[in-house]
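2 protein chains.
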Amino acid sequence: MSDELYTKKEAMLYSQRIAQLSKALWKAVEKDWQHWIKPYDLNINEHHILWISYHLQGASISDVAKFGVMHVSTAFNFSKKLEERGLLSFSKRDDDKRNTYVELTTEGKNLILELNANYHNTQHAVLNGSLALKDLYGRFPEFLDVMAVIRNIYGEDFIDIFERSFQNFRESFDRLEENQ
Amino acid sequence: MSDELYTKKEAMLYSQRIAQLSKALWKAVEKDWQHWIKPYDLNINEHHILWISYHLQGASISDVAKFGVMHVSTAFNFSKKLEERGLLSFSKRDDDKRNTYVELTTEGKNLILELNANYHNTQHAVLNGSLALKDLYGRFPEFLDVMAVIRNIYGEDFIDIFERSFQNFRESFDRLEENQ
Numbered sequence: 001m002s003d004e005l006y007t008k009k010e011a012m013l014y015s016q017r018i019a020q021l022s023k024a025l026w027k028a029v030e031k032d033w034q035h036w037i038k039p040y041d042l043n044i045n046e047h048h049i050l051w052i053s054y055h056l057q058g059a060s061i062s063d064v065a066k067f068g069v070m071h072v073s074t075a076f077n078f079s080k081k082l083e084e085r086g087l088l089s090f091s092k093r094d095d096d097k098r099n100t101y102v103e104l105t106t107e108g109k110n111l112i113l114e115l116n117a118n119y120h121n122t123q124h125a126v127l128n129g130s131l132a133l134k135d136l137y138g139r140f141p142e143f144l145d146v147m148a149v150i151r152n153i154y155g156e157d158f159i160d161i162f163e164r165s166f167q168n169f170r171e172s173f174d175r176l177e178e179n180q
Numbered sequence: 001m002s003d004e005l006y007t008k009k010e011a012m013l014y015s016q017r018i019a020q021l022s023k024a025l026w027k028a029v030e031k032d033w034q035h036w037i038k039p040y041d042l043n044i045n046e047h048h049i050l051w052i053s054y055h056l057q058g059a060s061i062s063d064v065a066k067f068g069v070m071h072v073s074t075a076f077n078f079s080k081k082l083e084e085r086g087l088l089s090f091s092k093r094d095d096d097k098r099n100t101y102v103e104l105t106t107e108g109k110n111l112i113l114e115l116n117a118n119y120h121n122t123q124h125a126v127l128n129g130s131l132a133l134k135d136l137y138g139r140f141p142e143f144l145d146v147m148a149v150i151r152n153i154y155g156e157d158f159i160d161i162f163e164r165s166f167q168n169f170r171e172s173f174d175r176l177e178e179n180q
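Line by line, the protein sequences are chains W and Z.
Residue numbers for the first sequence follow UniProt numbering, beginning at 1 and rising by one.
Residue numbers for the second sequence follow UniProt numbering, beginning at 1 and rising by one.
Isolated chain W (complex conformation) (with noise of 0.2 Å):
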């Protein structure tokens, strides 16, 4: 078998691999996600613009679609939407014309708090999942490879706003902390 013919087979192997096993997971978390944000009367993107919105604190509509992996035609649609119910604010920036800008109102960042409060209240497939790998190594997994792959596929700048947004989540949590 010649080195090229080795190395496709391989390549295709791998890639078909890590197809099933990524859908596998989307699903999985895609149901609990959706039973989690079923009371709210929202989807996944519109939760998803909210989260980012949040997190980011003032977020252009690109970053949205690229850090939430849709189109930005599709960010763009779903904010109107939230902004049609009150919980998200379009606006532009003196030193960036060209880019639209979202941020939450009032009821939309409690809207994302409620949620949050709420997380625990539905089933998480994904969560009870990983409690066995978290007993085993003490803590829960880190996907290294994973995030090592979306690294090389999305880029540097999709890893920052990750890392960005999952700071200020924990931030926020040690802000709640503080106040109770």
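Hints are supplied without guarantee of correctness; some may be wrong.
It does not matter which identical chain is meant; a pair holds if it fits inside one copy or across any two.
[Unchecked claim] Calculated lysine-lysine pairs in the PhoX-like style (CA-CA distance at most 20 Å, straight line): (1) Lys31 x Lys66; (2) Lys97 x Lys8; (3) Lys92 x Lys80; (4) Lys27 x Lys92; (5) Lys134 x Lys109; (6) Lys38 x Lys97; (7) Lys92 x Lys66; (8) Lys80 x Lys109; (9) Lys66 x Lys81; (10) Lys97 x Lys80; (11) Lys8 x Lys66.
In short, the hints are calculated from the structure, not lab data.
We have chain W already, so just place chain Z on it with the hints.
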């Protein structure tokens, strides 16, 4: 901060982290998959049904649904369409009258082989994004933590079918090479 609060916070951060990663990964996989099968007038579910039927060498509709992570009705309806196109045939088994089995026709098998032969003619962003890991570790990542989570969510059955289909996939390459 109480232990319980700490655990809930960590659980939620973890859970939303995996949600974002899994969405980003799946969207990239989905795009690659769509580009690959586009010339063949198939959607992802249809191709997935053909792929599973090929590698399980005769699967029940419920196996297809389970392993393809789709509703039984989705698996059934798309299988019907594939049957109408002459790619798949339905059958009952004498020892199992309750389940409907699907099997690829010769035309269906040839289509799968043609698709595999053309695999490297389209871009695969996920594969390209994994090459740096392969260079670094000498092989493609195995995503063992993702596998462990999926095993806990979908059960041992799912992993068995997964491994069986990839075992067959590997062997089908070997047979192909022997015939060359």
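Okay, the hints, checked on the actual structure:
no. : hint            : result
1   : Lys31 x Lys66   : between (22 Å within a copy, 15 Å between copies)
2   : Lys97 x Lys8    : neither (47 Å within a copy, 41 Å between copies)
3   : Lys92 x Lys80   : within (15 Å within a copy, 51 Å between copies)
4   : Lys27 x Lys92   : neither (36 Å within a copy, 30 Å between copies)
5   : Lys134 x Lys109 : neither (31 Å within a copy, 43 Å between copies)
6   : Lys38 x Lys97   : neither (36 Å within a copy, 39 Å between copies)
7   : Lys92 x Lys66   : within (19 Å within a copy, 48 Å between copies)
8   : Lys80 x Lys109  : within (17 Å within a copy, 47 Å between copies)
9   : Lys66 x Lys81   : within (19 Å within a copy, 35 Å between copies)
10  : Lys97 x Lys80   : within (19 Å within a copy, 53 Å between copies)
11  : Lys8 x Lys66    : neither (31 Å within a copy, 29 Å between copies)
Taken one by one, the earlier hints fail for this structure at numbers 2, 4, 5, 6, 11, listed in ascending order.
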